[in-house]
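Participant: Chains as they are written, first to last, in the working numbering: chain A, 1 to 258; chain B, 1001 to 1224.
Please note: incorrect hints may appear among the correct ones.
What the hints assert, rightly or not - Below, computed lysine to aspartate or glutamate pairings styled on DMTMM-like, alpha-carbon distance capped at 20 Å: (1) B:Lys1079 with A:Asp213; (2) B:Lys1079 with B:Glu1162; (3) B:Lys1079 with A:Asp102; (4) B:Lys1079 with A:Asp169.
Unchecked claim - Which residues of chain A face chain B? A partial, calculated answer using Cβ under 10 Å: (5) Val64; (6) Arg88; (7) Arg137; (8) Thr144.
Stated by the list, open to error - Here are the in silico distance ranges between beta carbons for each label pair: (9) B:Pro1192 with A:Asp143: 47 to 57 Å; (10) A:Arg24 with B:Asn1051: 34 to 44 Å; (11) A:Arg194 with B:Ile1119: 40 to 50 Å; (12) B:Val1038 with A:His120: 49 to 59 Å.
Derived from the structure by calculation, the hints contain no laboratory data. Beta carbons: idealized from backbone N, C-alpha and C, even for Gly.
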Amino acid sequence: MSPEPTVAEVGIPAALFASGVTKRFGHRLVLKGINLSVAPGERIAIFGPNGAGKSTLLRILSTVSSPTTGRVEVDGIDPEQDPREARRRIGVISHYPYLYGDLTARENLRFYGRMYDVPHLDDRITRMATRVGIAARLDDRVDTFSHGMQQRLAMARAVLHDPEVLMLDEPEGGLDQDGLNLLVNLLTEPESGRRRAAIVVTHHLDLGLALSDRVAILVGGRLAFQSTSGELDAASVREHYSRHTSPAYASARGGPGK
Amino acid sequence: MRSYLDKVLAIVGKDVASELRTREVLSSMFVFAVLVIVVFNFAFELNVENNEAVAPGVLWVAIIFAGMLGLNRSFISEKDRGCMEGLLLCPVDRSAIYVGKMLGNLLFMLTMEAIVLPIFAAFFNLSVFDPKLLLVVLLGTIGFAAVGTLFAAVAVHTRTREVMLPILLLPVAVPVLVAAVKATGEAIARTPPSTPGPWLGVLVGFDVIFLTVAYLTFEYVFQE
């Protein structure tokens, strides 16, 4: 598989770009040449069975992990060359909230705000906390929050620095319907009205479709399917998912993990 | 540079705020250090002749093992709720994370020592307000915290982290430990040596080496 040209080469701005990305842990090849491009403001949902490599792919795209081979660009920036500028453009909501339980919600947001050099931090904290519905509990310790409330606070943390790209790794855990609606709303920055690009990794098909413009299916470390636009409905996605994750398909592609 | 310093201070401030609320690290370090001093005090039959020979070793065993408790905790708190990953996602040099965590550990160890040293002095009938002794304790603690923070970050990735930290750290920290014990012996001697030994200089040398190596290599701890 030949790598796709870089965004800079074709002159199309992309919020996120991956070319020929592989990842090996010991003898196990977890990702086998991922090519992916997400335009600014575009949202893509990645579905796949357990062990398909979804979280590993997201860790590489979010610059926490490096690919074994291949390259990644965030908003045209190579994280290997300028990791700080690349990270400044990324926000991550994971099933882990990345919050310190002994600190209050405000202290957590202030800490991350300082790490991202967020201007007018106190105002921004108040606005984000109001937006995710935790303003009344800003001065409570995170340990006293329910799982759903922690996820709401994690959402505020992830968008505090107004990232260009939002990465969501199974973000739905503990969230009620209001929380899920909030997740959809967070994809647009309220102050500028700018649509954020987003990659959503989830097993929740309806949520993934609600959050995304197009879908991809990752099986055995390969992108087995990518839709080109939002032409797919839930039934079509289910059909594609069943087909691409069937044992017969996996064996035809060389099986997972080989 | 100002932004770098602000991030270092944000990490130190976060650790201090967390500790002020829980007092988990300081209380466990303090109790352990006092227990070590008390146990050694009863275990050895101390008198004026052997006091100076035994005291430096007892002090540094207490500091090193109590310090290890604090070092173990420093990165475990980052593992909870995936905070380490949250920290790695931040647009900061990995070295700023190291410096922040190291300064936090150093602060906790120095606070523990400020309480433990008078108790140690009382048990061993020594003067604690000797500037040379305080300087030796400060330098020894800097060296230990410098290399200890690096190995605590390594050990936290392992399943047996509480056991792994002393196994990794103690062999490497031996030069600092030996220099600190010898320099402490000189500092508390009732008849100071006519020509002071090289131990204070050795301690400074190892502090510089450990700080530099840990600062430069910390980035690689988080590579998969």
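Participant: So, for every hint listed, does it hold in this structure?
Facilitator: So, going through the hints one by one against the coordinates:
1. B:Lys1079 with A:Asp213: Violated. Lys1079 (chain B) to Asp213 (chain A) sits at ~34 Å, over the 20 Å cutoff.
2. B:Lys1079 with B:Glu1162: 14 Å, holds
3. B:Lys1079 with A:Asp102: 13 Å, holds
4. B:Lys1079 with A:Asp169: 18 Å, holds
5. Val64: Holds - the Cβ of Val64 (chain A) comes within 10 Å of chain B, reaching about 5 Å at its closest.
6. Arg88: 4 Å, holds
7. Arg137: Since the shortest Cβ distance to chain B is 16 Å, the answer is violated.
8. Thr144: Hint on Thr144 (chain A): violated, closest Cβ of chain B at ~12 Å, above 10 Å.
9. B:Pro1192 with A:Asp143: 47 to 57 Å: 52 Å, holds
10. A:Arg24 with B:Asn1051: 34 to 44 Å: Because 59 Å falls outside the window, the suggested range is violated.
11. A:Arg194 with B:Ile1119: 40 to 50 Å: 60 Å, violated
12. B:Val1038 with A:His120: 49 to 59 Å: Holds, since Val1038 (chain B) and His120 (chain A) (Cβ atoms, about 53 Å apart) stay within the stated range.
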